[in-house]
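A.B. asks: Put chains B, C and D with the ligands on the given structure of chain A with help from the hints.
Residue numbers (the working numbering), protein chains in the order written: chain A, 1 to 338; chain B, 339 to 676; chain C, 677 to 1194; chain D, 1195 to 1482.
Some hints could be false.
Keeping only pairs whose Cα atoms sit at most 20 Å apart, straight-line, the calculated PhoX-like set for lysine-lysine is [claimed, not checked]: (1) 876(C) to 469(B); (2) 158(A) to 1468(D); (3) 876(C) to 1109(C); (4) 1063(C) to 1050(C); (5) 1416(D) to 496(B); (6) 1383(D) to 1352(D); (7) 1279(D) to 1457(D); (8) 1383(D) to 1404(D); (9) 1063(C) to 993(C).
FYI, nobody ran anything at the bench for these hints, they're computed from the structure.
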Amino acid sequence: MSTDLSQTNDVSLRSLRAALFDSAAGQLLLAFASLIVLVAGFGIASPNFLQTDNLIGILQATAVNGVLAVASTYVIITGGIDLSVGTLMTFCAVIAGVFLTYWGYPIGVGVAAALICGALCGATSGFLIAKMEVPPFIATLGMMMLLKGLSLVISGTKPIYFNDTPDFPVIAQDSLIGYLVPSLPIPNAVLILFVVAVAASVVLRSTVLGRYIFALGSNEEAVRLSGVDTDFWKIVIYAVSGAICGIAGLLIASRLNSAQPALGQGYELDAIAAVVIGGTSLSGGRGTVLGTIIGSFIISVLTNGLRILSVAQEWQTVVTGVIIILAVYADIMRRRKT
Amino acid sequence: MSTDLSQTNDVSLRSLRAALFDSAAGQLLLAFASLIVLVAGFGIASPNFLQTDNLIGILQATAVNGVLAVASTYVIITGGIDLSVGTLMTFCAVIAGVFLTYWGYPIGVGVAAALICGALCGATSGFLIAKMEVPPFIATLGMMMLLKGLSLVISGTKPIYFNDTPDFPVIAQDSLIGYLVPSLPIPNAVLILFVVAVAASVVLRSTVLGRYIFALGSNEEAVRLSGVDTDFWKIVIYAVSGAICGIAGLLIASRLNSAQPALGQGYELDAIAAVVIGGTSLSGGRGTVLGTIIGSFIISVLTNGLRILSVAQEWQTVVTGVIIILAVYADIMRRRKT
Amino acid sequence: MTALIEVRNLDKSFPGVKALRSASFTLEAGEVHALMGENGAGKSTLMKMLAGIYSWDSGEVLVDGAPVTIAGPKAAQALGIGIIHQELNLMNHLTAAQNIFIGREPRRRFGFLDEGKLNFDAAALFRRMNVTIDPKTLVGDLTVAKQQIVEIAKALSFHSRVLIMDEPTAALNTAEIDDLFVIIRDLKAHGVGIVYISHKMDELKRIADRVTVMRDGETIATLPAQSTPVETIISLMVGRELAHAEPPKVPEIQGDEALRVVGLSRGRALRDISFSVRRGEILGFAGLMGAGRTEVARAVFGADPIDTGEIWVRGAKLKIHSPADAVRAGIAYLSEDRKRFGLVTAMDVEANISLASVMRHRRAWGFLDFPSLKALAARYVKSLTIKTPSTAQVAKLLSGGNQQKLVIAKWLARDSDILFFDEPTRGIDVGAKAEIYKLLQSLADQGRAIIMISSELPEILRMSHRILVMCEGRISGELTAAEATQETIMKLATRTHVATGTARGGAHGDEHGPVANE
Amino acid sequence: ADTYIPLISKGFQHQFWQAVKSGAEQAAKDLNVKVTFEGPETEAMVDKQIDMLAAALAKNPAAIGFAALDSQAAIPLLKKAQAAKIPVIAFDSGVDSDIPLATAATNNALAAGLAADKMASLIGGEGDVALVVHDQTSRTGIDRRDGFVNQIKAKYPKIKIVSIQYGAGDQLKSTEITKSILQANPNLKGIFGANEGSAIGVLNGAKELKRKIVVIGYDSGKQQKAAIRSGEMAGAITQNPVGIGYKTVEAAVKAIKGEKFDKVIDTGFYWFDKSNIDDPKIAALLYD
Ligand SMILES: Nc1ncnc2c1ncn2[C@@H]1O[C@H](COP(=O)(O)OP(=O)(O)OP(=O)(O)O)[C@@H](O)[C@H]1O
Ligand SMILES: Nc1ncnc2c1ncn2[C@@H]1O[C@H](COP(=O)(O)OP(=O)(O)OP(=O)(O)O)[C@@H](O)[C@H]1O
Ligand SMILES: [Mg+2]
Ligand SMILES: [Mg+2]
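Excised from the complex, chain A in its bound form (with noise of 0.2 Å):
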C-alpha cells in the first residue's frame, strides 16, 4: 500500500513539475514569452500599436495564416511537408468563386465546395506520398504548381467577385463578438481561426488521428508492422489538411471579397515558419497547435509592429528573418538545457 501512495505522490509531483518544465509545455511558456515581449516593446516603441484597432487588425491578418499554419502543423508533425497549402487555399477560393457567382449556387453549397475540393486535393497528395512514394517536399511542389496553374486556368486569370452573394463576404469580415460585446469588433475570421485552431488541437491531442499523426511522425515504419495501415492514415491526414487549407480559402475569398487567382505561393513558408517557431519538430513526432497559433501571431505582431514603426520594407525582411532564426535557437537552447 505504501508503494502506491509513495507512487502516486510521486506521479502528480512529476506531473507538475512536467507541466512547468516539458519539452512541449516549456516551448509553449517560451514561444508565448517572446510573444509577450514583442508585444510590450511594439507597445513601448509606439503608442498606436496598442490601439484596440491596430490589435483587431493584427488578429485579422493573422486569421489566414494561422490556419494555413494549422493545416501544415498535422504534416510536419507527421514527418512530411507540405508546399502546397498557399496555391491549395487560392484554388479552394476559386471552387468556391465558381460555384457562388458563375453557377449561382447557395453559399453552403460554395461552401461546401471549396471544402471538399481542399480535402480531395489534400487526398491526392496524401495518395502520392502514400501509395506512390514520392517524397512529400516534391508531391506538394508539384501539387503547388498543378493547382497554381489550374487556378488561372478555371478563373480565366481574373479575380472572381462576389457581388451576387453579399452575405458571403460577410462570413469573415462581420463580428459576431462585436454584436455581443460592441467595444470588441472582433471579425469573425479570427473567430473561425481559433474554433479551428481548438478543434484541430483537440483531435490532435484526444483521438485515434491524433495518435497516428504522432505515431507516423516518430517511426512510420513500425506503425506499418504494428497492423496499422498507415497509407490509408496518411490520406487521411492530408485530407484533413487539404480540408483546412479549404477553410483558409473561404476565408481570404471572404475577405477579399474576391478569389484572386494569382496569390498563394509564398505563404507555404509563412505557415511552416509559424509552425516550427511554435516549437514543432520538422523531423516529426512533436508539436502542438496551441504552439503553431503562437507562433503564427509572433510573425503577425513582428510585421504589423515594425510596419507601425514605419521600418523601412528591405529592413523588415531582414529583420524578420533574423527572428525566425533566434525564435528557433530559443527553442533549442531550452530544450538542450534540460
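C.D. replies: Just chains B, C and D with the ligands now, with coordinates in the frame of chain A:
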C-alpha cells in the same frame, strides 16, 4: 599476385554491372532517357525547337539554375536543404556590383569578393545549422529573408550596372568555344556550368569532403561517434555550396550586365526540383552531380519547349508540376523494381 | 602496476533517471573484464562516458594513473579507448571499408582519397577476423550480423589499448562468436584491456578474467570470472535468488491447426517454405544468420510481398497483403530490430504499448479512451516488470531490454493468437529472459500458437515443442523436441541444398583467392 | 513635420515604384509633411496590401495615398478611412470607388494603345508581333496587355499577335521567354515589353539571338534609356512616376487643409524615342 589479378577482374566486371544496374547509374540512365524523350518530343512537335540557336538558348538558360542546383546537391546529399541559394546568388551579384561599380576595383577583386561573400554566407548558414542546431530549413529560410533584405539595402533598391567594367559582361556572354568552332557559339556561361559541374562531381566522388558529404547524409551520429568533427565539416560544406552560389551570382550579373537586387526568390525551388529529378534523395546519403545537371536540363527543356509551342502560361505551370511528380515517381518505381 | 583505467565514484543523472550511483571499477592491461547487470543497470552509460559520449556529473576517471577528462569521441580515441556500441552506428549508404575508416581515410594530395588502400586495408582486417565480407558492399545491404561484424572491425582498426565491447555478440552465430573470441584472446595477449558486456552467461566463463556486477547504477562487486559460480553472479545482478527450474517439456500438442503456410517463395530469399503450427504449440525456427527466418516471418506477416504461396489461418485460406491484414487475422510479429521496426521511440510507454490496439480503446468519434489506455499500459508495465519511471516516459529513454519488453507488451495488448517472436530475448538480461520464457510458455498454455525464431540454440531447445531448421532460404529439416540437440540442429542448419560445403565458406563467400600470410 | 501621410503602393522593388517614392518624398520635403511608402512584393499579394493599409490606418495618418491592387477587396478599409475622416488619394491605376477624393494616375490602357500605334507604324502596318508582360492578373498587366491588343485588333487587321507571355518582371525570365518567342516565330517583327523588367528582357533576348526586331518598351531606367539612344530599342512609353508620387502627396495635403484640387489628376504618358529623349520635358519624366 594472383589475388591482385583476380580482384582486378572482379572489379572491372562488377563496375560494368554497376554501371548498368546500380541504383545511381540506373537513375542517371533513366533521367537521361526522360531528357531525350522530352527533346525528341518537342523536336517533333515544333520545327523551331531543334535549331542550333534554340539549343544554345536552352544551354544558356540552364546555366544559372544548373549552378544553383549543383550548390544545392551538396547540401541535399548531407540530408539538409538550402532555401537561400536564390537570394544568396543575388546578394553575391550585388556585392560584385558594389566592388566593381561603386568602388571601382578591378574585375578580379569583384569576382573574388562575390565568391568569398558567398562562402561566408554559406558558412554562416552552416554555423547556424551545425553549432546552433537550427534545422536547415529554418536556418536557410531565415538567411533567405536576411539576404533578400540586405541586397535591397546595400543596392539602395536599385540595380547596379556594370557599365564601367565592360569586360564583366563578357564573362558569361562571350563564347570561347565560338572562337574555336565558329558554328557553335556556346556562351561562356555554359562552359562555366560544365566546369563547375565537373569539379563538383570530382570533389564529391574522390575527396575527403565528398566522403563526409555522403557520410553525414547517411548517418550523422555515426560519423560524430567516429571522432569526426561533424560541425566543422558541415560548415565547410555549406560554405562551398555558398561559394558555388557566388558563381551563379556572377553568371547572372554578367548576363544581365547588372545586379538586380529584387531577383532570386523562388529560384531555390527550381534548384531543388532539378536535384531531386536528377535522383538525389531528399533524405540524404545518395546523389550525383551529373544527375542534377540532367535534372536542370529537363526543367529548362520543358520550359523552353512549352514556350516554343506557345502553350498558355497557366498550362505551362500545370504541366511542369505534373512532370516533376512523374519524373520522381518513375525514379522510385525503377528503384523499387530492383 | 597502475591500472589501465580506473573509474572512481562516477555519478550520472538523466532527466528523471539516476543512471549511475558512485560506480567504480578498474581495468588492467591484458585482461578481459566482463560487465554484467540487468537491463538498465547502467552498463552502457558507464561505457559511453569512457568513450566520450556522455560526461559524468561527479567522480573521476584515471588513465594510467592520471586523472583525465574525455570531451568527445576524438578525445577517447586519443587516450586509446575504442568502443563497439550496443546499437549499430553505421552509415548505410557507404561501403563496409568506407565505414571502417571514416574520419581516417587514406589520402593522397589535396584531400583526394586513396580508395585502393582503403579497400585493401579493410580486406586485410576482415581476413584477420576470418570473415568474408566484400569491403565494397554497401553496409545497408548487409544483414544485421554482418553489420555487427563491420562494427567490430572498425573498433579493431583503431588498435586501441582499451577496447569496450557492448554486447558485440547479440547478433552473431556460434561460429562467428568463436572467431571473435580468437581475436579477443589475441588482443589480450598484446596487452589490450577489454571491457566485455553481454547477457550471455556462457560467454562469461569462456572469455572473461574478472567480472564486475552492476545493479541499479551501482557497481556491486568485482569477482574472478572463472572461480565464481554463475548462480552467484546472477543473484548479485538481480539482488535475489533466481528460481532456476527448467520448465518441463510439454508432450505432443493436440490443438487445432492455427496457421498453415504452403509453398511460400520469393526470389532467392525464400524457396518453397511450408509448415504449420497448432494452437498451444511453440514452434522453434533455428538456423544460421541470414538463413531466411526473418524473411519467412515478414512474408507471412505481409510486411514483404511474396511471389507464390498460400497462407491458411484457422483452416481458412487468407490473402495477406499488408501487416494490417495479418494483424486483423490475429497474427503478430515481434521484430528482431526493435528500434527500427518495433517502437515509436519518440512516444511514451503508453503509446507504444497501445500502438497495435489503440482502435479498441476509443469512444465515439474516434476519441481516445485515456483511462482505459492508461490502465492497459500500467497492467503490462507491471506484469512484464518494465523498468520505467511512469507510463508517460518516452520509450527512447528506456534501456534496450526494457524497450524489448515494450514491444512484447504491444502484441500482448493486441491479443493476437498467432505470434512470431523474432529473437525475443536479444539483448535481454537473464532475469528478464526467464520472465519472457515463462510468458511464452503461458501464452502457449492459453492456446496461442507461437513461432519463435532464435539464434540461441539452448533457448530453442528449451522452449520449442517442435523445431524447424532453415538454411539458405529453405526449410532443411524438422525435429521433434525429443530428437533435437545442438548437434542435430547445426547439422541441418549447414545442410545447403546443393552440397557446396558450409554456409559460411561456400555459397555466400566472395572468392578472394588464396590469402597471403602476414 | 507632424502631418503624416502613408502611401500604400503596389510594389516597392521595381524602379518605377522607387521613382514614385522619390516624387512623394520630394513633395513631402516641399510641403513639410512626413510620408512613408510601402507595397507588397508581388502584385498578386492582394491580402498583404490590405494588411498594410490596415496598419497604415492604425497610425492615425492625416491622409492616405493608395494604389489598389484590387479595388473591391479594399472597400471595407476605405470605408473605415472615410468614417475616420481620413482623406484617401488614389494613385497609379486608380481605385474603383467614390471614396478617394482624387486620383493621380496614368491611363495604362490608352498608353499601351499608343505603343500599339507606334509598333504598327514602325513595322509598316503588317506582320507578327508579340508581347512580354510582367503579370497576368494584376491591373497594370491586364490594362497594358489589353490596351495594346485591342488597339491592334481594332485598327490594324494585318498585324497578328502571335504570343503573349508573362515573365513576372524578372529580367532573366523575360529574356528566356523572349528567346523562345523569337525561336518559335522566325518572322516576328516586333515585341512590346510591358514594363521595365520585361522590356529589358526583350532587349536581352533579341540581342542574344542577334535578331533585328522592333522593340517597344514601357517606363524608363538606365538600360532602356541607353538602348533607345543606341537604337536597339525603338522607343518606349513613359509615365510620369515622379509626378504621380508628387501629385498624390500634393493632393493629400490640399485635402487635409481643405483646399480645392482636381478630382482627376492625369499625370499623362508620353512616347519617347531617340529623337526626343533629351528633350527637357521628356527627360524630366525619366528615371535611371
Ligand atoms: N540518454 C538518456 N536519457 C535518459 N535516460 C537514459 C539515457 N540513457 C540511458 N538512460 C537510462 O539510464 C539507465 C541505464 O541505462 P543503460 O543503457 O546504461 O543500461 P544497460 O545496463 O546498458 O542496459 P541494457 O542491458 O538493457 O543495454 C536506464 O534506466 C536508462 O533508461
Ligand atoms: N536489407 C537486405 N538487403 C539485401 N539482402 C538482405 C537484406 N536483409 C536480408 N537479406 C538477405 O536475406 C536473406 C535472409 O535474411 P534474414 O534476415 O531473413 O535471415 P535470418 O535467418 O532471420 O537471420 P538473422 O539471424 O540475421 O535474423 C539473407 O540471405 C540475407 O543476406
Ligand atoms: Mg546497454
Ligand atoms: Mg532474423
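A.B. asks: It remains to establish, for every hint, whether it holds in the given structure.
C.D. replies: Hints, one by one, checked against the model:
no. : hint               : in the structure
1   : 876(C) to 469(B)   : violated (41 Å)
2   : 158(A) to 1468(D)  : violated (37 Å)
3   : 876(C) to 1109(C)  : holds (10 Å)
4   : 1063(C) to 1050(C) : holds (16 Å)
5   : 1416(D) to 496(B)  : holds (10 Å)
6   : 1383(D) to 1352(D) : holds (12 Å)
7   : 1279(D) to 1457(D) : holds (17 Å)
8   : 1383(D) to 1404(D) : holds (13 Å)
9   : 1063(C) to 993(C)  : violated (41 Å)
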